[in-house]
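These protein sequence lines map, in sequence, to chains S and C. Numbering-wise, my numbering puts 123 at position 123 of the first sequence, and it's gapless, one number per residue. Numbering-wise, my numbering puts 152 at position 152 of the second sequence, and it's gapless, one number per residue.
Keep in mind that the hints were calculated from the coordinates and are not lab data. Quantities reported herein were computed from a predicted structural model and do not represent experimental measurements. Where hints are given, some of them may not hold.
[Unchecked claim] Ranges between beta-carbon positions, derived for each pair:
1. S:T97 - C:S112: 47 to 55 Å
2. C:P154 - S:R118: 47 to 55 Å
3. S:A114 - C:P228: 53 to 61 Å
4. S:G208 - C:R400: 53 to 61 Å
5. C:A166 - S:Y73: 34 to 42 Å
6. S:L117 - C:Q92: 51 to 59 Å
7. S:R131 - C:A43: 54 to 62 Å
8. C:E317 - S:Y73: 23 to 31 Å
9. S:G69 - C:W397: 38 to 46 Å
[To be verified] Stretches of chain C that chain S covers, calculated by requiring three or more beta carbons in the stretch to come under 8 Å of a beta carbon on chain S:
10. 124–132
11. 182–191
Don't be surprised by glycine CBs; every beta carbon is placed ideally from N, CA and C.
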Amino acid sequence: MGAAIAGLWLAATAAAAAAGFEDTMAQRLRACTGCHGADGRAASDGYHPRIAGKPAGYLYRQLRAFRDGQRRYALMGTLLAPLDDAYLREIAAHFATLELPYPPPAPAPARADAATLRRGAQLARDGDPARQIPACTSCHGNQLTGAGDDLPGLLGLPVDYLNAQLGAWRTGARQAAAPDCMAQIARQLSAEEVSALAHWLAAQPVPGTPRPAAPAGPLPLRCGGLDGAK
Amino acid sequence: MKRLFAALALLLVAAAAALAWLNLRGDPPADVAAGAAPADEAALRERGAYLARAGNCQDCHTPRGGLPYSGGRGIPTPFGTVYSSNLTPDPQAGLGAWTALDFRRALHNGRSRDGRMLYPAFPYDATTRISEADADALFAYLRSLPAVARPNRPHALRFPYDTQLALAVWRALYFRPGRFVPDAAQPAAWNRGAYLVQGLGHCAACHAERNALGASRDPLGLGGGLMPLQNWLAPALTGRSASADRLAALLKDGVAEGAALLGPMAEVVLHSTQHLQPADLQAMAVYLQSLPAAADPPAAGKPPGAAQRARGEKLYETHCADCHGAQGQGVPGAYLPLAGNPGALQDPPANPVQVVLGGAFAASTAGHPRPFGMPPFATELSDEEIAAVLSYVRDAWGNRAGAVQALDVQRWRGSVRP
Chain S
1 MGAAIAGLWL AATAAAAAAG FEDTMAQRLR ACTGCHGADG RAASDGYHPR
51 IAGKPAGYLY RQLRAFRDGQ RRYALMGTLL APLDDAYLRE IAAHFATLEL
101 PYPPPAPAPA RADAATLRRG AQLARDGDPA RQIPACTSCH GNQLTGAGDD
151 LPGLLGLPVD YLNAQLGAWR TGARQAAAPD CMAQIARQLS AEEVSALAHW
201 LAAQPVPGTP RPAAPAGPLP LRCGGLDGAK
Chain C
1 MKRLFAALAL LLVAAAAALA WLNLRGDPPA DVAAGAAPAD EAALRERGAY
51 LARAGNCQDC HTPRGGLPYS GGRGIPTPFG TVYSSNLTPD PQAGLGAWTA
101 LDFRRALHNG RSRDGRMLYP AFPYDATTRI SEADADALFA YLRSLPAVAR
151 PNRPHALRFP YDTQLALAVW RALYFRPGRF VPDAAQPAAW NRGAYLVQGL
201 GHCAACHAER NALGASRDPL GLGGGLMPLQ NWLAPALTGR SASADRLAAL
251 LKDGVAEGAA LLGPMAEVVL HSTQHLQPAD LQAMAVYLQS LPAAADPPAA
301 GKPPGAAQRA RGEKLYETHC ADCHGAQGQG VPGAYLPLAG NPGALQDPPA
351 NPVQVVLGGA FAASTAGHPR PFGMPPFATE LSDEEIAAVL SYVRDAWGNR
401 AGAVQALDVQ RWRGSVRP
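One chain only, chain S, in its complex shape (with noise of 0.2 Å):
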């Protein structure tokens, strides 16, 4: 009797916790949502980016990135390491067709001037032919939503964000597939450059409908990470 009364008990609480409990990616992916914020729309820290609605192939290409060691965060490193890559894939997916309204940009934090941003802005619209500096938008979509399946949108990220990932490029910290097109870009940037850019993205609204961009057509550069890595 003691026995059968202790095991209806315990179905009754297996019964109530799982009450708010759903057998779908969202539930399996609370991993991920509790830096990345609800449904991976950023997070209040200023720094973990938005994963909702980027491009599958681009947010995939990242995972296997993080644990395989080419792209460091201890974090995300040691998470995804007993993942296999068809896992990696449906947790792409699902992020992707996550459509989530962003928040309005952050203000323009004080230590970017008005000429800072001047800067960032051409940067990114027109890039400097001279220095054969692409700009922006000849890949990431002319509204900087992100193109295709694999290039990510550049709106709505912090600045911190935007900031350590240009300057990890820059340095070789953060790389991807031969020829890294990223990188030479990053590499031709000063620390200025770089600055003006993550400040100038940062404080730019969100279109209505940020969804990626048809893809451009031929990329400016050779981008190793694009062919055959999927």
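Let chain S serve as the given structure and place chain C on it in line with the hints.
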């Protein structure tokens, strides 16, 4: 005086001879007909591929994200970093110039083709138990891989560990070559399991405590131990109460009802054990289950103080109860129960600390392809908070394990993942 010198010199010569003998014994005789062309080369390679999976050789011998078996993966040890070697058949960088006999000597006696002694980060105290036939199958498989011309990277070890003399002394002290000898009193499955666990599986590389010189205290004991630098507790595999079926299921799927293999062992499941034949997993489980418990389990620590426990309970309600349940009951098939979960109650509490710091997924396996994940709390909770919440978990719902100290969490933060 002269006589003293002569005696000393004689002693040195004797010591050198003993050292040499202790290191050379077990070398296969040079005239052995190793790797005589087998009837079916393809079947041999296929068996070698399976055995390599069982040994998880690829994991250490592949650089992260690099070409399989091309070596160069850094294995951090308390003595410096050992870099794994290129096992592809490249004639210069890999095993292209090796014979099956050279390969047997490496597995069985921890020596390279040129006679150089190898570092025991390569677990030759385990691979010495592999049969000659299996060694030849492994070699045939490695010979069939695409050659990669990636030169081996020199180890970065501190003096004196970087010398062959230190290695010779270490081997004389701790390394005993010898093939696996079946126990005629035991059933075939037990013997197969023992062969896999002690040899290819090299379970003792993690599940046996190491001494100050990095040698397993008891290479066959599997009494568990804290993995150096990684700071995960590889628990004792002795005295297990779980059934052999449940152990085999854990190795196959990475999860079983109310249990999951996490951390470094989840990677072993992903790369190795999930690919093994059910009969081999069952055999390993039968053998492991037969091992008697250690004589003296570690004494339980002190329960938490009232303030730490209350703080932990609040944190549990905020961060944990959603998934693990208000009574620590978990959600079957998704989230582990914490009430009565032996993994949460181990001492030292390294694994629960690692899971809270770094989050966790079980391995994605054919039987369990979409594991539910837990987020990392390293950036969200302080050392004191993690100690408090774990102390509460280890003292609630009938759990009776000692409190976790903030100092433990601080010590295990920033552990190395090879």
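A quick look at each hint next to the structure:
1. S:T97 - C:S112: 47 to 55 Å: holds (52 Å)
2. C:P154 - S:R118: 47 to 55 Å: The hint (47 to 55 Å, Cβ to Cβ) holds, given that P154 of chain C and R118 of chain S are roughly 51 Å apart.
3. S:A114 - C:P228: 53 to 61 Å: holds (55 Å)
4. S:G208 - C:R400: 53 to 61 Å: holds (58 Å)
5. C:A166 - S:Y73: 34 to 42 Å: holds (37 Å)
6. S:L117 - C:Q92: 51 to 59 Å: Cβ of L117 of chain S to Cβ of Q92 of chain C: about 55 Å, so the range 51 to 59 Å holds.
7. S:R131 - C:A43: 54 to 62 Å: holds (60 Å)
8. C:E317 - S:Y73: 23 to 31 Å: Given a distance of about 30 Å, which is inside 23 to 31 Å, the answer is holds.
9. S:G69 - C:W397: 38 to 46 Å: holds (39 Å)
10. 124–132: violated (count 0)
11. 182–191: violated (count 0)
Consistency with the previously given hints fails for numbers 10 and 11, ordered from lowest to highest.
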